[in-house]
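**Student:** What follows is the residue order along each chain.
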Amino acid sequence: MTAAPDVSALRMLRQVRDRIDRDYAEPVGIPALAAAAGYSTAHFIRAFHAAYGETPGAYRTRRRVERACELLRSVNLSVTEICHAVGFTSLGSFSARFSGLMGQSPSAYRAEAARRGGPAPIPGCFALMWRTGLPAPPEPAPPEPAPPEPGAPISAISEKRPGPAQP
Amino acid sequence: MIMGMSFVSVWVLNQDSAKEFYTKKLGCELTTDLKLDNGMRWLTVRPQGSTGQELLLMDPAHSMLDGPTAEQVRALVAKGALSPGVMATSDCRGDYAALSALGVEFVQEPAVRPYGVEAVIRDDSGNWFSFTQRKG
Numbered sequence: 001m002t003a004a005p006d007v008s009a010l011r012m013l014r015q016v017r018d019r020i021d022r023d024y025a026e027p028v029g030i031p032a033l034a035a036a037a038g039y040s041t042a043h044f045i046r047a048f049h050a051a052y053g054e055t056p057g058a059y060r061t062r063r064r065v066e067r068a069c070e071l072l073r074s075v076n077l078s079v080t081e082i083c084h085a086v087g088f089t090s091l092g093s094f095s096a097r098f099s100g101l102m103g104q105s106p107s108a109y110r111a112e113a114a115r116r117g118g119p120a121p122i123p124g125c126f127a128l129m130w131r132t133g134l135p136a137p138p139e140p141a142p143p144e145p146a147p148p149e150p151g152a153p154i155s156a157i158s159e160k161r162p163g164p165a166q167p
Numbered sequence: 168m169i170m171g172m173s174f175v176s177v178w179v180l181n182q183d184s185a186k187e188f189y190t191k192k193l194g195c196e197l198t199t200d201l202k203l204d205n206g207m208r209w210l211t212v213r214p215q216g217s218t219g220q221e222l223l224l225m226d227p228a229h230s231m232l233d234g235p236t237a238e239q240v241r242a243l244v245a246k247g248a249l250s251p252g253v254m255a256t257s258d259c260r261g262d263y264a265a266l267s268a269l270g271v272e273f274v275q276e277p278a279v280r281p282y283g284v285e286a287v288i289r290d291d292s293g294n295w296f297s298f299t300q301r302k303g
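From first to last, the protein sequence lines stand for chains A and B.
Heads up: the first sequence begins at 1 in the numbering used here, then just goes up one per residue.
Heads up: the second sequence begins at 168 in the numbering used here, then just goes up one per residue.
Wrong hints could be hidden among the right ones.
Claimed, not checked - If the Cβ cut is set under 8 Å, some of the chain A residues that face chain B in the computed set are: (1) PRO5; (2) LEU13; (3) ARG14; (4) ILE20; (5) ARG22; (6) ASP23; (7) GLU26; (8) ARG46; (9) ALA51; (10) ARG73.
None of these hints come from the bench; they were simulated from the model.
Don't be surprised by glycine CBs; every beta carbon is placed ideally from N, CA and C.
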């Protein structure tokens, strides 16, 4: 950091980022977010990346995957339902993004969480707010021969089926 | 023995608007607003239900920090990177509704967690706090 940072620009970026956090499951495009904040898309993406170290699209994907992790750990929804609940429109892209960030498929992640058992003792907000709050990747599991069944119900996670997913 | 925190320092971008936000919106009581000889403004507020703990609303530009460091802190606050801690509430959902109506920003709505009901709130500078009603 050499030049004095532009505090008002950072505030603006933070407000857009908060909006991504709040409306993470909404299909609002990055250009619309940029326009609402008075930026051109390219400038917005550059400025966001400079401030937060990743593009707004990558940030939103990461937040969606974080929410998906939480749901996979705590509620008895199918992987497909969770995929839609956090804002992905296709199971294929959800699985791909999830695996890219977490190093395993959503189903494998859920099975792993169930095996480890119990809710994490760390407040959920900290896990969500902190970049480093992503759950530690589990120790490498032996490769699974069977491909994950996206819609398979996992009954070991929770006995009662909750209402609509909490945002 | 250590009794806890008597003051929690909150870096703010503008002490006038922070004073307004913490007293008028969050309902804190103004406890001190003093300009010291060295240029520092000692501005403290006490949350309504606090048994003694106060928030110290500090301007980095008029603090013990050197200029460039103060600018860095201001940037971190503005971009939303800093959190002074967890605010305890007796009614997370009720306060969420009342404060939202006053225009207070929440990053997360109240949600049930293993330890209680929690939302995430931002102050007018960009600081975020967990906003938690503990279970039991």
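**Student:** For each hint, tell me whether it holds in the structure or not.
**Tutor:** Outcome of the hint check:
1. Because the smallest distance between the Cβ of A:PRO5 and any Cβ of chain B comes to about 4 Å, under 8 Å, the interface hint for this residue holds.
2. Among the interface hints, the one on A:LEU13 holds; its C-beta lies about 6 Å from the nearest C-beta in chain B, closer than the 8 Å criterion.
3. Given the 8 Å rule on beta carbons, the hint for A:ARG14 holds: about 4 Å separates it from the nearest Cβ of chain B.
4. Against a cut-off of 8 Å between C-beta atoms, the interface hint on A:ILE20 is violated, since the closest Cβ of chain B lies about 10 Å away.
5. With 8 Å as the threshold, the beta carbon of A:ARG22 comes within range of chain B, its nearest partner Cβ sitting at about 6 Å, so the hint holds.
6. A hinted interface residue such as A:ASP23 counts as satisfied when its beta carbon comes closer than 8 Å to some beta carbon of chain B; here the least separation is about 11 Å, so the hint is violated.
7. The restraint placing A:GLU26 at the interface with chain B is violated, with a minimum CB-CB distance near 14 Å, outside the 8 Å limit.
8. A least Cβ separation of about 15 Å between A:ARG46 and chain B goes past the 8 Å threshold, and the interface hint is therefore violated.
9. Evaluation of the A:ALA51 hint against chain B yields a held restraint, the C-beta minimum of about 5 Å falling below 8 Å.
10. About 11 Å separates the beta-carbon of A:ARG73 from the nearest beta-carbon of chain B, more than 8 Å, and the hint is not met.
In terms of the numbered hints stated before, the structure departs from hints 4, 6, 7, 8 and 10, listed from lowest to highest.
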